[in-house]
Structure formats: C-alpha cells, structure tokens
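Full structure from sequences and hints, please.
Listed here are the chains, written in short residue letters.
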Amino acid sequence: MAQALNRALRDAMAADAAVHVLGEDVGPLGGVFRITDGLAAEFGDDRCADTPLAEAGILGTAVGMAMYGLRPVVEMQFDAFAYPAFEQLLSHVAKMRNRTRGAMPLPITVRVPYGGGIGGVEHHSDSSEAYYMATPGLHVVTPSTVADAYGLLRAAIASDDPVVFLEPKRLYWSKADWSPESPETVAPIGRAAVRRTGRSATLISYGPSVPVCLEAADAAREEGWELEVVDLRSLVPFDDETVTASVRRTGRAVVVHEATGFAGPGAEIAARVTERCFHHLEAPVLRVTGFDIPYPPPMLEKHHLPGVDRVLDAVARLQWEADLTGREGAR
Amino acid sequence: MTVLQQTAASRRPVPPPAWRPRTDPAPLLPDQEPFRVLGTPAARDADPALLKRLYAALVLGRRYNTQATALTRQGRLAVYPSSTGQEACEVAAGQVLAERDWLFPSYRDTLAAVSRGLDPVRALTLLRGDWHTGYDPREHRVAPLSTPLATQLPHAVGLAHAARLKGDDVVALAMVGDGGTSEGDFHEALNFAAVWRAPVVFLVQNNGFAISVPLAKQTAAPSLAHKGVGYGIPGRLVDGNDAAAVHTVLDEAVRRARSGGGPTLVEAVTYRMEAHTNADDATRYREADEVETWRGHDPIALLERELREAGQLGDADVAAAREAAEEMAAGLRARMNEEPVTDPMDLFAHVYARRTSQLREQAEQLRAELDAAEETERTDGTEQTGQTEQTEQTGEDHR
Ligand SMILES: Cc1ncc(C[n+]2csc(CCOP(=O)(O)OP(=O)(O)O)c2C)c(N)n1
Numbered sequence: 001m002a003q004a005l006n007r008a009l010r011d012a013m014a015a016d017a018a019v020h021v022l023g024e025d026v027g028p029l030g031g032v033f034r035i036t037d038g039l040a041a042e043f044g045d046d047r048c049a050d051t052p053l054a055e056a057g058i059l060g061t062a063v064g065m066a067m068y069g070l071r072p073v074v075e076m077q078f079d080a081f082a083y084p085a086f087e088q089l090l091s092h093v094a095k096m097r098n099r100t101r102g103a104m105p106l107p108i109t110v111r112v113p114y115g116g117g118i119g120g121v122e123h124h125s126d127s128s129e130a131y132y133m134a135t136p137g138l139h140v141v142t143p144s145t146v147a148d149a150y151g152l153l154r155a156a157i158a159s160d161d162p163v164v165f166l167e168p169k170r171l172y173w174s175k176a177d178w179s180p181e182s183p184e185t186v187a188p189i190g191r192a193a194v195r196r197t198g199r200s201a202t203l204i205s206y207g208p209s210v211p212v213c214l215e216a217a218d219a220a221r222e223e224g225w226e227l228e229v230v231d232l233r234s235l236v237p238f239d240d241e242t243v244t245a246s247v248r249r250t251g252r253a254v255v256v257h258e259a260t261g262f263a264g265p266g267a268e269i270a271a272r273v274t275e276r277c278f279h280h281l282e283a284p285v286l287r288v289t290g291f292d293i294p295y296p297p298p299m300l301e302k303h304h305l306p307g308v309d310r311v312l313d314a315v316a317r318l319q320w321e322a323d324l325t326g327r328e329g330a331r
Numbered sequence: 001m002t003v004l005q006q007t008a009a010s011r012r013p014v015p016p017p018a019w020r021p022r023t024d025p026a027p028l029l030p031d032q033e034p035f036r037v038l039g040t041p042a043a044r045d046a047d048p049a050l051l052k053r054l055y056a057a058l059v060l061g062r063r064y065n066t067q068a069t070a071l072t073r074q075g076r077l078a079v080y081p082s083s084t085g086q087e088a089c090e091v092a093a094g095q096v097l098a099e100r101d102w103l104f105p106s107y108r109d110t111l112a113a114v115s116r117g118l119d120p121v122r123a124l125t126l127l128r129g130d131w132h133t134g135y136d137p138r139e140h141r142v143a144p145l146s147t148p149l150a151t152q153l154p155h156a157v158g159l160a161h162a163a164r165l166k167g168d169d170v171v172a173l174a175m176v177g178d179g180g181t182s183e184g185d186f187h188e189a190l191n192f193a194a195v196w197r198a199p200v201v202f203l204v205q206n207n208g209f210a211i212s213v214p215l216a217k218q219t220a221a222p223s224l225a226h227k228g229v230g231y232g233i234p235g236r237l238v239d240g241n242d243a244a245a246v247h248t249v250l251d252e253a254v255r256r257a258r259s260g261g262g263p264t265l266v267e268a269v270t271y272r273m274e275a276h277t278n279a280d281d282a283t284r285y286r287e288a289d290e291v292e293t294w295r296g297h298d299p300i301a302l303l304e305r306e307l308r309e310a311g312q313l314g315d316a317d318v319a320a321a322r323e324a325a326e327e328m329a330a331g332l333r334a335r336m337n338e339e340p341v342t343d344p345m346d347l348f349a350h351v352y353a354r355r356t357s358q359l360r361e362q363a364e365q366l367r368a369e370l371d372a373a374e375e376t377e378r379t380d381g382t383e384q385t386g387q388t389e390q391t392e393q394t395g396e397d398h399r
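Residue numbers (this note's numbering), protein chains in the order written: chain A, 1 to 331; chain B, 1 to 399.
Source of the hints: derived by calculation from the structure; they are not laboratory data. Just so you know, not all the hints are guaranteed correct.
If you want the footprint, here are the derived chain A segments under chain B, 3+ residues with CB under 8 Å [what the hints assert, rightly or not]:
| id | segment |
| --- | --- |
| 1 | 80 to 86 |
| 2 | 119 to 130 |
| 3 | 162 to 170 |
| 4 | 290 to 299 |
Keep in mind it's a predicted model, so treat the numbers as computed, not measured. Glycine included, C-beta positions come from ideal geometry on N, C-alpha and C.
Printed below as a string of structure tokens:
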C-alpha cells in the first residue's frame, strides 16, 4: 500500500504543478513510512518540503498556500501528533469555504497514518476518525485495499474541498491486487465498495478492520453464514445507498472498527442504518469496536483490537431467536 | 474626530510607556561560542569530586545506552531512542537537581531519569511496551517521558509556578530537542515562564537533527539559545559534550530559578551518534564523515583526558567505572529478560478513578473471552501462561 500511495503522490505532482507536499521528514528521508520517497529528488524540495517540526504551522501555512492557488498535501507523521494542528483544521480548514460563501475553497489533503496493530508505543496508534467526522466541512476517507489507496489519494488531491486522508498503518505493507504499471483510475469519494456478497448479515467496516471482516466472513462459512462485507472507504460523505441496500437485503448488520465505540464512528453508522432499514432489520445493529480506553501499550493491544472472534460473536448474537419470538408475539 | 483623522493629525505619536522595552536585551543574549570548561583554565577551578562523579555517570550512561540498544535487537524493547553522544547533557540534567525538584523529560531522556535515580527497568517500561509509564511521577519527581514533542514544557512551567505559589522553592527542569523548539508549545511555555517568572530551566539538546531534518531547516535563528530574548529569558549556549560545562550552566540556571530570578533557556550543542531510533536509517540523511568528526569530541573521552592530565583519574578509577557500568548492564539485561507480567484486565483499571458502567461491561466481556481462551487451552492440553490469571482490581467502579 505504501508504494501505491507513493505512486499516487508522484502522479498527482506530475499531473499538476500546483500540488505541493509538505511535512516533517518528507524530503530526503521520504517520510518515516517512506510514502514520500523520491519525491524531493524528482520534484525538488519546494514541491516536497521538509518543514520545521510544528503541525499547526504545517497545516496553517498550507491554508495560506491553498489561498494562493496551490494544492497542498500535508503529512502528519502519526495520528496523535496531528492534534496540535486541530485548531487550524477545525477553525480554518473546515470552515473557509463556508465563511467566505464559497469564494475561498481550500483544496488541502491531510494525510494521517492512523490506527494500531504495529506495536507502537503510546501516541502512535490512535484512531481519531470520529473527531474528523464530527467536523462539518471535511471529507474523511480511508482505503483498505492497495488499489483504493492509489485511487482515493488521487481523488483526495483532486478534490476542491479539504480531505482528511486516513492511512491504516498496519496495511502499509499489504500487497496484492495492484501493480504500479497499471494504477487504478480515481476512486470516487463517497462511494462504498461491497467486498464480498452474502445473505446472512452485513459487516460494515473501513480501513484496517476490513481485512478482519473478510477473514471473519471466511470463517463464518463454517457456521453456514454468508456474510456480506461493505467497505465504506469514505466516512464523509457516507454512502447511505450502498449500505442501506445491503442491510435491507440481509436484514442484519454489524459495524466493525478499531476506534473506541462510545460516541465513535459506529454510533453514527448504526443510527443511520436503523433509521433507514428499521422495518427490514431482524436484529438491532451491533457494533464491534475497540474498548472505550486510551490506546493500550503494545503488549496489551491484541486484547483491545477487535479480531475475527469478536466479529463472529457479534454475528452469532444477531440471530436473536429467543428475544425475537417474545417481541413478535407482543407486536 | 475619528481615529484615522487623529492619527493623521499627530504624525509622530509618542508611545505610551508600555511600548518601551522593559529590559535591556543585551544581558539576555547568549555568548557567541558555546561555554566550555574542559580544556580551558576554568577546568582547574572545577570541583574534582564533581568531575569524577560525572565521569562515572557518563561511563554508566554510555553502557546503559548500548545495553538498551542491544535489547531492541533481542526484541526486549519495542524501540529505543539512544542518547549515545549526548550523555553529558543527560547526566548533568539528572544530577543537577535537588531531591524536591522536578524533571520533565522527553522520550529520548530515559538516561536523565535514570541518572536522577529512577530504576532503569521502570524507566524503560514505555519503550518495552508493558505500560505507558512504569513509575509514579511523584516518587522521584520525574514526569512521564513525553512522546508528543514539547507538550511537557508548559507542564513544567505550571508545576514550577504552582510550587512557587505554595511557597516551596522547587525548580523544574524541562528537556526538549532542537526539533521540539519549533512547536507552538515551546513558545507558549517560554512566554508563560517569563511572564510568571516561573522557576523553570529549559534545556534544549541540539543534537543536529530532528529525525532527518537538520537544524538549518528547523530554524533560521542565530542559535536556539537566542530564542529566549524575545520572551525576556536569558539564553545560554553550552558545549553539550562537556559534562562539566553543562553541569555548571544548569547549576547556575537552577540557582537563579530557585532564588526567584526566573527561567533560563539553555542550548546544549551536541550530536546524536546513533540513528533517531533503532527503526531509523540515518545513512539516508547524513554523512559518515560528520559522525566521525563528532566521535572525536566524545563526552567521555573529553572528561577522561582532563581528569587524567590533572592527575585526578588513573587506570584503576577508569576500570572501576567500567566495572560498575558492566554490573549495571548485567543487572538490566537480566531483569529485562524476564518476561514482563501483564494483565489484560489492566486495560480497564486506570481509565477513570471509578470505572464507568460501560467499562464494567467491557471488562466482563474481556474476562469471559479470556476465560474461554483459557478453557480451550486447558482442554487442548497446552501449557498455561499464567497471563490470564485473575488479579486484583484497582479502582472502584462508578455506580
Ligand atoms: C508533536 C509531535 N510531532 C511529531 C512527532 C514525531 N517525532 C518523534 S521524534 C521527532 C524528532 C524530534 O527531534 P528533536 O526535537 O530534535 O529531538 P531528538 O529526537 O533529536 O532528540 C519527531 C518528528 C512527535 N513525537 N510529536
């Protein structure tokens, strides 16, 4: 995936001279995850610039650059190091179009490596998507496949609105399904993908949890369940259409993500699904999420991250036979 | 008359007194050259006992760094940001404070914490990965090692301020890297400290790089110590590989803070001999020549030469220091090779003073999962790890 993201940046920079990359260590080092590898050598260190170590400064200057017609792509080194930039993100990046009645859109892409599962020490594994999602004016997207990493990043950079581009760190080293020779065309922001079809229940997920859901779907076959897996790809805007169609077909849904559950992304998703699919639902929409705790140290993260077993347990709970007989009798 | 007309009428408004500079900036400015003791006449006036103590601490510190680095290769530490080459700063920072003072280290400053007396294993907990902070900050007055850069600096200011409000003559020493000085928190901390005259010492270890970014791309200031003047804080520039010099400058700054003289910004010019962490590849951004040049300015060799020339250190002393370091390393190795005991239920133990209803529910869920896993293990006949044993719950629950 890292290679696809690198290729997307390179292609976007080659296609449009307004695209500038900036961040900590993005120059000669190529970023701590090597996503910007070779860009400074190819496009010069004005186009791919090492900045002073200051996230608020990085994003704040990107605002000014965008005001002057550039298309900045900024890198936040890790999820939890983006927080100093929240003032700029929430107060300016997200609101500039609105404040100026459309006169001043900000085509900024904020790349944030996020999530756990890589054994990082504290502040290196946060899933901060709910903060971004709760801020009107931002698009929030996250790929789960290598092809989407390329396509979504191209779309994000091409977008005339600010996009928070969340990169699942633990999928950086995932391969398959993509060749740098024939990069996929742009994947549209706001469109979910059905990764696997099934009739028993829908697993709704995104980013690093999608492979977990696919694995769970494989395992579920042993139980005779056919699970459909919907990869949201875009959290804002949210593809109600794909999700609703799937859940209406299956009648059951589980939302899976590693961010904390309480007031997490799944709360919004479950509420939307319930609103739209109430009469088609055979069971309440369940959530399988990280616990409501600060991200744990590496030696304990395996207990926190939702794995296949937790997903399958939730699917099992979706059967709801006993409860449903009672409820239906009363109706 | 509108404001505009008024300004136009009196073309040269006389500034009210508040506009005038309140302090003469000259005394705030650092010297052109870093302050040195070793190899200068000042070395003769230095306390030999102190120098010998620093020497032993440097040798120990170097060994600590190499041992910790070795532990990353054995998978015993998740990561280790080495302070090899910077031991003079670490050791001086760790030793200059009185017991009641506080240290606010960054993630690279494990050695400073250890030099202050913190158990090395507990200081490494964060980097081993069994918990975030392995000690009670109040016990040794060492704040948790801070990973988000510069964020600990305002804490140091606040703590020092609070202590002064209470009438305690406590000083806080806060450490940050050259890269960290670019963060907004650095600037806000300096400003608060100056305005409140808080008893804080800021120690910037300028080791040349913030991961791959060299100082020249980090700042255009004449030196990082110069940054103090804009806030009204004196800046001191010191040779960060000269343990005697770093100790002297920090000691002066601590005394100044303690006596109500306010904050000081100290920039120690040093070099990071290793990569940023074991996960980093330094050959991508720096030349081997540069590293070798700095090897010739090694903090241990500098002090050793001085002490030997003054006849204050002999082969026996050097051997004794090395032996003590080996002993420490062996102890560290042995203890780090023990499998850390972790309890998954700890995930819920310290989120709130009293556990919320949601966390109670989630704890039950995990408990059931662990019991089920244990049951499967038992029936499979595999060995028990003992990791899933029920341990005492800490913290009350919310009703
Ligand atoms: C707020 C924040 N942004 C980014 C990082 C990622 N990061 C960790 S260390 C580092 C470089 C720090 O350089 P410096 O302050 O000079 O300290 P040194 O590593 O040289 O000791 C960076 C960018 C971080 N830890 N915190």
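Structure-based check of each hint:
1. 80 to 86: holds (count 4)
2. 119 to 130: holds (count 6)
3. 162 to 170: Coverage by chain B is violated for the segment 162 to 170 of chain A (0 residues, Cβ < 8 Å).
4. 290 to 299: With 8 residues in contact (Cβ-Cβ under 8 Å with chain B), the coverage given for the segment 290 to 299 of chain A holds.
Comparing the model with each earlier hint shows a violation of hint 3 alone; every other hint is respected.
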